[in-house]
Amino acid sequence: MKIKLDLLKWYSLIRFVVTLLPLIIIFLSAFSEASFLSFPPKGFSLKWFVVALTDKSILRSIQTSLLLAAVASMLSLLIGTLASYALVRYRFPGRNIIDSFITAPLTLPMVGLGLGLLFFFSSFLGGLSFINLVFGHVIITLPYVVRNISISLAAVDKSLEQSAMILGAGPITTFYKVTLPLIKPGLISGTLMAFIASFNNTTISLFVASPENLTFPVKIFYFIEFFPDPRMFAISSFVIIASLAIMLALDRIFGLYKIALR
Amino acid sequence: MVTVQLENIKKSFTEPVLKGLNLSVKSEEFMSLLGPSGCGKTTTLNIICGFLKPDEGNVYVNDVVVNNLAPHKRDIGLVFQNYALFPHMTVKGNLAFGLKLRKVNKKEIEKMVQEAMELIKLEGKEDRYPRELSGGQQQRVALARALIVKPQVLLLDEPLSNLDAKLRREMRIELRRIHKEVATTTIYVTHDQVEALSLSDRVAIMHNGEIEQIGSPTEIYQRPKTDFIADFMGEQNIISGKVASVAEKETVVSVGDLLIHIPDSSLEKGKEVHLAFRKENVRVNKKKLSNVNVFKAQVIYHAFVGKYVQYLLSLDNIRILADVQVDFATQIYKEGDHVFVELRSEDFWVLQ
Ligand SMILES: Nc1ncnc2c1ncn2[C@@H]1O[C@H](COP(=O)(O)OP(=O)(O)OP(=O)(O)O)[C@@H](O)[C@H]1O
Ligand SMILES: [Mg+2]
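Residue numbers (my numbering), protein chains in the order written: chain A, 1 to 262; chain B, 1 to 352.
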């Protein structure tokens, strides 16, 4: 028992270090004085933070990514809730096909999906716009929401909804008063995962983001390709710290840890 | 005055489950729907509630067809086997749910919840969550939640099957008491015959998607109409024979070499019949005390079970069971003993 616990402890520690190491390298390198990527960092300065945080194009890409992630995850939440409800509660022809269709993007190679979307958008939907970008992201964020909500919904016994109805609640009241509160953990974690998946996504955006709508990961990708200097480290550290802060705040508010454990 | 009526209800899933079910429940009656697992009892309740639509037939509440009424407009109380209490609400929240939907004012809700808590004897536990209650307590909350809105009809789907034997006995008495107090027309679904017999004004036996017999508990117990019901209501003796002669007051049925006299005179000579008699009506004696319906027998097996002795007896080549009451003066026969079995002619009845 004792040995097992120790093993577990060491395992967690190593996992932690391995996960954090790249982040620490990025973080340290951001304080470099040099104008090229280097590790260990040469000297100490905050100049790349200044450069990064005053670079309008970078800030704009962050803004685009945040907006995109927010819209995509909210749309996924809406569509995903309805889709999950139908998939879990009803048996209808084509149910399995729709189910696999929604979850397929999780397993398909994203390059293929991105390429396909690019052709689809330019041939049928008048090129690359923010709306089309959202469309592309919803395809990859929807599975997270549907998966999470479906699992929560399957755990809500049908007899609870039936009890509400027979007590006089119509379908909408029943959903609002009984189903929704019971699937809330799934809603929150699904939407959060969708947000993160959208914010992190590079491949799809690389194909379907127009120059006016470059997302943050794509921007970093281009920068490393064409201007490899530590401003990317600076801005990445900034984003990492910001997301950690947001996660901590959300944990305080909703108890993410508890949600993840359900 | 609330009646429920099911008229020729048919419902199929992959195969037919209800095949023309008719049932009529009187006002304030406690009616049990008794049948083996999978015979369609829950399906019947779901149709009364409106969760399922019948393929054919009509559901009447107070002589009005409710087939096309949504469940939330039917004014029915329902208790599930798993209680289905809302886990995110306290006991009070659960009880108040239906009242709030009916726009009852806050003060009134408070009062009604208190009354309900008294009815189910759970005063002081209003603020608990369902998971903080025992199975029996949850059961009572579920019952109160269904009753608090004063539904026209109360439906219970095997509400006691998740409780242990002792609690089940207590809850049977509780249910009876509560039904006396509120006098709501009730349909109680169960596959437990003891529950059905001890609770109900009338019992309806379901078999093969229809009601096979309906009657008072004593009728159902003492005169089950068919082989299936006789068997379902507990081990009984069923023997098959042929009508040998029919007279005004007495019919004789021959079972092998035995001649059995029964009072039924509606039979035709030569007809094959199934006769049933209860094992507690069989008398076992050392001597032949009469000439009618007395048969030579041999003890194959006996078991002392406290209040009575259970015998397995062979009469020629048929075997019957007998439960004989005993006290310390009664002789207990052993395996191989020769005895005489005596039955009164009115203890036999003919199965359909
Ligand atoms: N939604 C459904 N789809 C397909 N078959 C069903 C469905 N609901 C019930 N059945 C079938 O209908 C039959 C009757 O089911 P029902 O639940 O009414 O039985 P029951 O009498 O309540 O049994 P129990 O005592 O076990 O609760 C069963 O054979 C069941 O498999
Ligand atoms: Mg059932």
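Hints were generated in silico from the structure; no laboratory data involved. Some hints here could point you the wrong way.
[As the list claims (entries may be wrong)] With a cut-off of at most 27 Å between alpha-carbon atoms, the simulated DSS-like pairs for lysine-lysine come out as follows: (1) Lys287/B to Lys334/B; (2) Lys100/B to Lys177/A; (3) Lys177/A to Lys287/B.
* Asked: Hints broken by the structure, by number, lowest first?
  -> 3
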